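So the protein lines, in turn, are chains F and X. Note that UniProt numbering has the first sequence beginning at 1, numbered continuously upward. Note that UniProt numbering has the second sequence beginning at 1, numbered continuously upward.
Since the hints were derived computationally from the structure, they do not count as laboratory data. The reader is advised that the hints may include incorrect statements.
Ranges of calculated distance between the beta carbons of each label pair, as one might list FRET restraints [said to hold, decoys possible]: (1) 13/F / 587/X: 12 to 20 Å; (2) 5/F / 561/X: 38 to 46 Å; (3) 113/F / 571/X: 18 to 26 Å; (4) 113/F / 563/X: 17 to 25 Å; (5) 7/F / 640/X: 52 to 60 Å.
These figures come from a predicted structure and were not determined experimentally. We put the CB at the ideal spot given by N, CA and C, even for glycine.
Okay, here's what each chain looks like letter by letter:
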Amino acid sequence: MTSAAGNVKVLFSSLKSTYVATPMKLKIVNLYVFCTLCTAVIQVVFVALVGSFPFNGFLSGFLSGMGTIVQAVCLWMQVIPKNKEFKELSLERAFADFVLTNLVLHLIIMNFL
Amino acid sequence: MDLIKSDFMLQLFEYRIAAAMIKKDLIASILEEKYQLLRSFQVLGIRREELITCSEVEAVLMSSTSVKDLFYASKCGETLLCSFQESALKTTVSRLLSSLDNTEALLDIHFSLGTLAFLKVQFPVALNDPVSIFQKIKVLSAEDGSWKYNPDDAGTSAKAAGTALETMGDLISLAGQAFDDAKIRYLKGVASKLFEFLEKYDDGTQFIDERPLDGLYGGGGPLAATSQVVKGVAVVASHTSGHIEVPAERVISVAKFFLTAGIHGSLLDMFHVLDGLGVLDKNRFLVPVILSVRPSVLSLSAKEVFKISTTTVLGSPVSATITLRKAVRANEKEPFLLNQVLESDETKGVHNLNDILNKLDIGSYDLTFKVKILEEGRYATEPITIRRVLVTGVASIPEVEVGVLDSDTGSTDYVKRWNPMSKEVVSLYATHLQKLYFGLDILSPRQEQFIPHQAFLKLKHETKVEHLFLLKPSGKKLELSLNLLGLVEKLNYLSGIYTIDLIVGDVAMENPVMWNLGTVELDLPEPPEGKVKLTSQAESPFKYGPRPEITHMFRPAEKRAPPTLSNTFLALTLVPLLGFLVGLKLLNTNMKNFPSSGLPVLAALLFHLGIGSILGLYALFWLKLNLFQTLKLLALLGTVLTVPGYYILSHLADASAPKVKSA
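Could you build the full structure based on these sequences and the hints that come with them?
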């Protein structure tokens with residue numbers, strides 16, 4: 001047992017050390033994704049408690065969370081240095097895409113709200 | 001004139017009444033209308049002196065310059081049998097002759113020749129050039145036998161052809177020697193061909209329809225057109241010897257058309273019908289003969305007899321032998337009488353049908369007659385005629401059987417034979433477990449079983465609520481069986497005393513009955529819970545008064561979360577945002593790349609402000625604006641945003657590019 005627990009501890013610490021090495025930009029994006037996910041989960045819990053009226057309100061909130069998560073993941077994919085595909089496109093261009101798509105998404109979300 | 005009235009000639013009675021009624025309204029000031037009234041009275045056999053006198057006619061003939069007035073004046077003179085002197089009318093004649101030379105119009109020629117033909121009866125009149133006049137009329141004809149009124153008319157019509165025939169007939173009477181056989185044959189051909197223009201109604205009558213061209217030259221509808229065609233043929237026939245090929249069946253149909261035309265109070269329509277009938281009554285080509293059966297509703301109790309006559313359209317008798325081919329009861333197949341030659345009273349042309357009277361029972365019969373006229377060439381009749389007659393009589397109902405039966409077993413608890421002769425009434429008692437029974441026989445005058453059209457039983461409660469039931473024939477008896485168990489609901493659970501009335505009637509019954517048979521006391525159970533026992537007062541407001549108002553029921557509002565819970569969760573959703581900021585701090589993020597001076601600062605600030613303003617616009621969109629306004633403003637802000645955005649991002653790209661390149 002102890003060996004298993006010890007193995008888990010070693011696993012965690014190795015993970016942690018590797019993670020520190022990731023670039024700052026990616027860490028920010030990961031954090032963003034995580035927080036947005038929490039927001040969406042809280043909304044789902046609310047609906048489970050109270051019932052789905054008004055349904056479109058729930059949908060717009062939940063889907064906006066999902067939408068930004070997807071966009072953030074796209075940004076993440078474009079920012080990774082090891083990624084060969086997106087070498088031509090600069091980081092700034094990726095960021096601009098992220099901003100633009102976010103704005104469009106939020107327009108639609110507000111309409112639906 | 002002792003007219004024998006035919007079935008159709010009932011209408012002539014109406015015309016007579018109409019004619020008598022216009023006694024007071026002789027305001028016809030136009031000569032044409034005066035002539036129409038005169039002619040109508042002539043056909044009906046009424047003498048009216050005050051319409052116009054011969055001296056008035058002469059005055060018109062001497063002084064008028066309109067050929068139309070001259071024509072109608074001469075027609076009035078013809079009807080009144082006036083006579084005039086040549087000396088007075090010499091100028092008129094010469095005026096007419098010169099107008100004939102100058103005109104090409106059919107109606108003008110018609111009026112002129114008509115006047116001259118009338119005047120020729122009084123004194124000799126000679127035409128200048130009859131052949132050219134004939135040519136002038138002929139040139140207006142068309143291939144198919146119809147005619148124009150003027151050389152430049154677009155269409156043709158049969159009515160114009162009728163007018164042309166009448167005109168040419170007048171021409172023959174004025175200058176007969178100019179007409180050789182060829183021309184006569186041509187005229188007769190035109191006359192025969194005209195009958196092909198006849199159109200049919202569903203009831204078998206035929207008529208000449210009016211064409212649009214006729215509307216331009218006086219109109220008058222199908223009555224005027226048919227009457228004009230018949231007149232034209234008659235005038236040609238009267239001035240030529242011999243026979244015009246005219247199909248007998250069509251002449252009969254035209255006669256029926258006139259006899260059954262509906263006159264709706266128009267004196268002009270009446271004139272056309274009477275004019276046409278007057279021509280058909282006496283003419284030289286073919287006179288239609290009408291068979292009539294009188295009376296069409298025969299009453300056995302009044303001991304009436306059938307009188308059958310063959311007459312012309314105006315009622316003059318025509319000798320013929322009539323055979324009753326068969327007499328069939330309506331809706332049956334088997335004739336009960338065959339081939340009976342009717343005995344006739346020769347003096348009046350009336351035939352009797354007495355033999356069948358003792359075989360007739362009440363009801364409708366179809367009688368088929370065959371007519372053979374003694375003078376075949378001049379008269380036309382339908383070979384086989386069918387007439388429907390209704391025989392009425394007194395039916396008798398000897399007794400009515402009234403009973404109360406048990407529902408389940410059918411055994412009679414009470415039965416009574418009610419006699420209409422006696423004064424007593426039945427008084428029954430029944431509960432909902434029983435059945436009421438009514439049965440009766442109806443006998444015709446010949447003691448046969450008779451089923452009437454209407455046989456009802458009426459139950460009327462003391463509160464005046466009525467219920468009607470039909471008595472149905474079973475075998476030859478009329479019966480009604482009321483199962484009270486099933487009727488309880490229909491009677492609205494009303495117990496009490498009901499009066500019983502029997503109502504029987506039929507078109508052939510001269511004595512319809514409504515008898516009060518008595519009363520029945522019904523004992524019905526109480527209505528079940530919730531069902532209101534309607535009295536007659538309660539029923540009527542719902543039937544004839546306003547209904548209760550219907551209020552709309554809105555959908556109930558959805559359940560919403562209590563405000564405290566909602567607010568808690570609102571706060572909870574903001575927590576991850578804070579968590580994001582805290583996390584950023586923990587990660588030791590910095591803003592080192594933010595430009596510090598110069599244009600980049602401005603651009604960066606504008607960029608962030610721009611994004612913020614767009615988000616603010618979205619908030620406004622949610623709160624206040626609609627999509628169109630938002631899109632307009634978004635377009636504006638978006639374009640504004642792209643400038644600094646592009647600038648700052650490219651600036652950052654350039655700033656970091658050397659680093660990448662160097663690395």
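Which of the numbered hints above does this structure break? No numbers; nothing is violated.
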